[in-house]
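Line by line, the protein sequences are chains A and B.
Taken in order, the first sequence gives residues 6 to 397; the numbers are from this note's numbering.
Taken in order, the second sequence gives residues 11 to 338; the numbers are from this note's numbering.
Think of the hints as simulated: they come from the structure by calculation, not from any bench.
In this text the structure is predicted, and so the values were computed from the model without any measurement.
Note that beta-carbon positions come from the ideal geometry of N, C-alpha and C, so glycine has one too.
Check the hints yourself; a few may be wrong.
Just the calculated beta-carbon pair ranges, DEER-fashion [stated by the list, open to error]:
hint	chain 1	residue 1	chain 2	residue 2	range
1	A	A96	B	S298	50 to 56 Å
2	B	G212	A	L155	34 to 40 Å
3	B	P315	A	D24	32 to 38 Å
4	A	L155	B	R23	47 to 53 Å
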Amino acid sequence: MTTPLKTSQPVHLLDALNDPSSLPSLSGPQWNQLIRLTRRTKSMAKLAHRVSAAGLDDQLDPRVLDHLLASRAVANQHRRVVSWEADRVIAALGDAGYDLIFLKGAAYVLSDMSAGHGRLISDVDIMVPKVNIDDAELRLHAAGWVPMKLDAYDQRYYRQWMHELPPLRHKARKGVLDVHHTILPESGRLRPDPAKLFAAAIPIPGIHHPRVKMLAPADMILHSAAHLFQDGDLAGGLRDLLDLDDLLRAAGAGDDEKSGAFWRSLVSRGKELDLHRPLYYALRFTSRLLRTPVPQAVLDESSRTGKPMAPVPMIMDLLADRAFVPDAGQGKRWGASLARWMLYVRSHWLRMPPLLLAQHLGKKAMRRFQKVEDETAVKTKEEKNVDAKRLA
Amino acid sequence: MYIHELSNTDVARLLRGPGVRARMGPFVFGMKTSLSQLVDPIHLLYANYPLEPEEDFIDFEVAVSPRSWRERWLSRNASFIIDGEVPSFPSFERSLALPMFEWAVNWCVFTRPHQYLILHSAVVERNGHAVILPGQPGAGKSTLCAGLSLRGWRLLSDEVCVMRPPCIDLIPVPRPIGLKEESINVIRAFEPGVVMGPATPGTRKGTVAHIQVDAKSVAAGQVSAKPRLIVFPSYRAGVGLSLEPISKAQTLLRIAQDAFNFSVLGAQGFDNLAALVDASDCFALTYSSMDQAIEKLNELIELEPTQPKNEMTHHNNSGPRANAEVMA
């Protein structure tokens, strides 16, 4: 987006995120498209952050800027809430005598990394050693976190097959807390050794507590990649891809020894943790879609270790392009929902043995058919205010 | 070009196509529908708004339409489609389309523009001074607000009190006033010349009807007003008028309880609400006669403030920047 766009030309979300410098020349209809696209992909706050970091606030139409300011207010609220929840988790578990690792959004916010700016965060994720997870559950329970209402099947699904406790919710504050003991489901094909993650974990800048940590930079990227390409179905895809972009840029920036060492060790660390395949996808799609500056040597090395056999890479390229970037116009881009569905099935395929998968998807489909209410939805006081004002 | 200058056919064509674009205070809405039953009511209720140009940025696009062949041909229902997406609300019978359309427009104001602090109350203004009328549903805030606006007060909103922190000037979002049940007849009797859309029975709140926004309130849609009074109205049949002062602390808590985005704005929201309450005299008004209630408010709004305005309010007069420094 180095040349100004014609007013009728469709606007590209990824170009806008990569380089906001030409945004001031967008026309009204182009902004209509872009604001909607960012809403749909939950990336407006990130765009807002990048616009302000580029010093462009004053150059935008004030009415357009207002939408960005509104999304910044929400992102700030999320930061505030997550920081306080984390503070309470540290109060409950910090002195338990084992490591407490903050994962994903909470870690980005607590350490004030760029990935945490303009990011919406719904839950706090933590990891404790598997041998201590029962103790952690008890301590958290005493501090007010209780399991969310789940039916017996869901309870069993989490405890038996997943890598976490069923989600907890604080009685008073309603914040959701996910307690993990590793970063991928134990039933899955890839099994990164959590002991290696704990061993490499580092202190969180600004939090002065010896047992409170976050993953090392390379591990943080591998976790994010595993989550996006192995665990999830790319539904919140663009947000996670933007995380990876920010994380890679932060760890790999500059020509100093530190960033050199990071790039040299990233692929081998991926192999060591059994995560070279998701790392391959992460490097491929961030550099391809978000122009993340990954050295060519690292891309080549990750292709050698992590690239699947033909024709899988080609199919993944097709699926991912459609799943990450929705169409700018009213209509849906061809195949976007099909692509998302295929990725959903794929993510489960990677997570469970085939028979278990068939059973699980069967159960889920039955339940959707029976229209079981989503009991996990939490409404804030203000959402209830809105509900109360409904007319019909 | 005002919407009342358009022919019915033009309005229908716009609603089906690019949308009828109207500026309601700070927001430009694009209104769309494929339901022909909505053409007349929208034409009537929004008659006094100028039509905004097509090439402009619009803040929110609100459509009420069937969203699938099933809704179009089988269930004969309709859904909201806001900015091209269907929020997670159930679809509804088409007979409810008008109140649902109005609610969908309000929903955008309730849930999105967090650059503002948004409280749940009606706001009207006279001679530059505004009265904020908060109140639980059923307390009669919309009825009193309608009465005042039919007696020369300017309507800022019957649903939202909007401020841009750190400033406490009240920002109008003029929209049709929604009345329900007996209020509809009360207002028709109070002002036989009132322009009202069709009444829709069978909503969750009973029968609902909307009052056309007057030209004066639409025209002043970009002009903010200074807060002067916060009055909690409460209609009670057969009682005489009474006006009781309420403490500022209690007022603040009651308003915060009912706000739309108080927690999104955090400390900034609290400071702004505190500054608003500081700058206003606060009362509970119980009445059974609308004329008496309006007379009382006409009287109150002309009085000097009952207590000296404090620092913060004083600084407000010198604009947002001065106020920001006080807040900081």
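Each hint tested on the structure:
1. Roughly 54 Å separates the CB atoms of A96 (chain A) and S298 (chain B), a value that falls within the hinted 50 to 56 Å.
2. Taking 34 to 40 Å as the suggested C-beta distance range, the pair G212 (chain B) and L155 (chain A) conforms, at roughly 37 Å.
3. Taken as a hint, the range 32 to 38 Å is violated for the pair P315 (chain B) and D24 (chain A), whose Cβ atoms sit roughly 52 Å apart.
4. For the pair L155 (chain A) and R23 (chain B), the supplied restraint of 47 to 53 Å holds, since their beta-carbon distance comes to about 51 Å.
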